[in-house]
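Chemist: Protein sequence lines correspond, in order, to chains A and B.
Positions 2 to 111 (the numbering used here) are the ones given, in order, by the first sequence.
Positions -6 to 107 (the numbering used here) are the ones given, in order, by the second sequence.
If a hint is listed, it holds; no wrong ones were tucked in.
List of simulated lysine-lysine pairs, DSSO-like, C-alpha gap at most 27 Å:
#1 A:Lys71 to B:Lys34
#2 B:Lys48 to B:Lys59
#3 B:Lys57 to A:Lys98
#4 A:Lys57 to A:Lys37
What the hints contain is simulated information worked out from the structure, not anything from laboratory work.
Listed below, chain by chain, are the residues.
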Amino acid sequence: GEDVEQSLFLSVREGDSSVINCTYTDSSSTYLYWYKQEPGAGLQLLTYIFSNMDMKQDQRLTVLLNKKDKHLSLRIADTQTGDSAIYFCAESIRTDKLIFGTGTRLQVFP
Amino acid sequence: GAVVSQHPSWVICKSGTSVKIECRSLDFQATTMFWYRQFPKQSLMLMATSNEGSKATYEQGVEKDKFLINHASLTLSTLTVTSAHPEDSSFYICSAIASAYEQYFGPGTRLTVT
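The task is simple: from the sequences and hints, build the whole structure.
Modeler: This is the structure:
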């Protein structure tokens, strides 16, 4: 079945690294995504990783994929207050339909 | 690039009336768009897949006669909530496929039915 889970909250101090975790159940996922949602807004595509990759880095963002354990993580280096938002991981079984995780609310404090 | 807009950004309507929400891909063509619904502090629930020139595909439990979807062009999909009731109040978000791997989301429309 399709099920994507995330921890609900994460609180970090400004300047520290944040790690947001995600687990999924469908091993046939082709792509895995991270989206950011600020209050009252839509979703912003942050990054995505193909299922045959282990890691992808894009500036402050590092995505790690452990396909054996079906675990995906997003690391944000030097977290800033502007990074405070809800982060959703999502998997695609086909190339279009996305299954979203429950979302992790990241709070960054000074 | 890859910008998706929605209109209106928020709407208040009376119970029993219908409301139309537009989703546009501004700088790319999208044969496939999606409509999601999001309740407060919850994740996104896929309602339907909108295909240009053909009928929409609805997810299980979504009433197709209540949520009418029209994808008349490669840059526009509309969602009409018919005979709206307070329980239809929600945040509706559309998305569009820009390439095989990239799905971009609109800013959302907050619907309040009184």
